[in-house]
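Residue numbers (the working numbering), protein chains in the order written: chain Y, 1 to 442; chain B, 1 to 237.
What the hints contain is simulated information worked out from the structure, not anything from laboratory work. Accuracy of the hints is not assured; some may be wrong.
[As the list claims (entries may be wrong)] Ranges between beta-carbon positions, derived for each pair:
| # | chain 1 | residue 1 | chain 2 | residue 2 | range |
| --- | --- | --- | --- | --- | --- |
| 1 | Y | Phe-230 | B | Thr-40 | 48 to 54 Å |
| 2 | B | Lys-76 | Y | Asp-302 | 52 to 58 Å |
| 3 | Y | Arg-37 | B | Lys-76 | 33 to 39 Å |
| 4 | B | Glu-25 | Y | His-358 | 38 to 44 Å |
| 5 | B | Trp-106 | Y | Ser-240 | 48 to 54 Å |
All C-beta atoms, glycine included, are put in the ideal place defined by N, C-alpha and C.
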Amino acid sequence: MSKCRTYLCKAVLKEHFGDLAEKICLYMINKGCCHLRQIASETELPLDKVRKVLTALIQQNVIKFEKTKRGVVEYFVDIDVLLWRHRIPKFIHCAKSLYGDAAELLVEDIVYHGQIMMSKAVDNVTSKLNEALENAGHQKIGSSIVHDKFSLLAGSHFIRQCINGMETSEEELDERDQSTLYRVPPLHSTGKRKRSIDDSEQPAKRQKTDAPGDDGIYWKINSRRFHQYFRDQMFIKAISNRIDKRASTILQTMLRLSEVKTDDLCFTTQPLSFTEIFQAIPLDAGITRNLCEQYLTLMVDDSTNLVSKIGESGGGMFVVNIMKGLTSLCKAHLESVVQERFGSKSLRIFKVLLLKEHLEQKQIEEMAMIPSKEAKELLYNMFAQKFVSVTEISKTADHAPARTFYFFRVHMDQLARNILENCYKALANAMVKREAETIEHQ
Amino acid sequence: MAGRGRGRGKTVSFDVQALGFGRGEALPAANFQPPPLFPTQEFKPIPLDQNEDNAYLLALKQEFVAAIRKSPYYLKLDDRKRDIERYSDKYQLSSTDSSEAFEPDWRRLPSELKIKKRKNRKVSAIKPNLVARKKNAVKTEPDIDEKEIAKTLESLEKREETGVVDGEEMIGVKIEQEDDDDDENKAGGDDDNEEDIEGEYYDEDDLEEETDYAFNYFDNGEAYGDDDGDDDEGPVY
């Protein structure tokens, strides 16, 4: 793992879980899978403290564990989950904008606890809401409203059940099990209800000893589903900027239709027929059949290749090319970074390189229409900061510079990784700086 | 590196003009310093997008981090260097521990993570334990001693009784032997010599034993590492 990423992990751990967790997790990040005793002895911390940290962070989904074949339990840090903690406010905000305040509080409560039983989360949120409502002078609400929101969140896969790590591991789940992960248990299981009515003579005692109906079923947020949602929103926004609002409505419909059906990491969505798309478009968008057809052709012909036509049946089968869409979004991001860091003339060179892939210095100067000396300066500046790379192709075997072609090109993958690293570093630096400032001004 | 040694006399081995330097123009001096930590920015970054959504996200984040800092999941290292160990320390320990409120579901966690409930007891029980041990030590030692003394005394008494009898018998035997010796002495005057020889013989025996010892414990180092090498060399026949 890169240095910057570890540095960021360290900052996040310190901010969210304290310095004890920071020390232990940092050791684990550097080591990989570790045993309990190994962690305790290598970090020179008391065993009980290590235990405490591990339990707390397993609860927060940051640390995962696995039983090896020899029966030893090994622990490791899930770095993605750790870094995704930066997106928590976004997750909460997303839940609010989609399903309202109750859903917002639910997601907040689930994230706060990491893993929580439905009954507890619903109780917490109901009491919180009622407190707020009372202060505002409104009537109280019942827990069933909150439970409905919970079902909505689970139904759209924004939250999911946790797998009991003691019994099964994530890989063992097949498709059928995947779907059961989003099944919401009833708030009060009916069997229990009846019994408690029967035993109404001693209800207080019963309630205390009774486990809630969903005992042992813990829920956590499904970050991948949230990411999928953010990704779709990016596509919709991009298309609305590129074409117009109506096109984005059509794309939104397509993405909504395939939302829960397609896996979040696949390259293209499930194929959708024209009729399917047209029927699902909201009526108030004012899109006629003819218009819809035209917009779809427009999107297919667009250079971003976000939508493509894969067949003629059903009035035409369409898919959303997620991979291609992401690539063009990434390209746009890189271009904007170059624009902000090197100026628009450098961007012109950069764009020429993206378009033509391999170019010699002379060609760049000509195609970007920049005077030779200036073009060289701009190009070498980008080369020095690793935005542009050089391929040497020699005419002779001795690689003499005079007889060698120097082709400049942009390695998209490499550059994207570099910029991601820079982002990690910038974020971590900002966090460290903020920490230092708050300590200073306390 | 191709072309090495060819451009002798020049600073670079290729045509400098290709890089945009005119003929006779001086090349910039080599830079031996690391790049500056905070390079001057040619282009200032654009100001942050301050809309309502971002402000709300910021508020959410601050609220969330503040909440999680007070939660049982936030664990401090808590080993401030103290100048002296204070009497009150052990009572503060339990009150500052915020993680008490967090009760994980042990059905979902490896059992080795469970902290045994001896922590609190330890703190409260340290002192009485020590005292008890000391008291015990003071109490038990004399007990054992008395018993042992009584036992040893008894056994000694028994031994003395039997020993006296033995002694008498042995003395009897000795007397008989002396008698025999006397008889032998009377029989021949070479006995003294024989005894001397015997004495020498014993000395030799002692010497031999000493050399045996030396032989037994002499290690020339040949056997060293035999044990380790066993696996590689296969079975020893």
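- Item | Range hint 38 to 44 Å (beta carbons of Glu-25/B and His-358/Y) holds or violated | For His-358/Y against Glu-25/B, whose Cβ atoms are near 30 Å apart, the range 38 to 44 Å is violated.
- Check the following: the C-beta atoms of Trp-106/B and Ser-240/Y are separated by a distance inside 48 to 54 Å. 51 Å, holds
- Is 52 to 58 Å right for how far apart the beta carbons of Lys-76/B and Asp-302/Y are? With Cβ atoms ~54 Å apart, the hint holds.
- How does the Cβ-Cβ distance of Arg-37/Y and Lys-76/B compare with 33 to 39 Å: does it lie in that range? At roughly 23 Å between Cβ atoms, Lys-76/B and Arg-37/Y fall outside 33 to 39 Å, so the hint is violated.
- Message: Please check whether Phe-230/Y and Thr-40/B have a Cβ separation lying inside 48 to 54 Å.
- Response: 35 Å, violated
Violated hints, listed in ascending order, are 1, 3, 4; each of the other numbered hints is respected by the structure.
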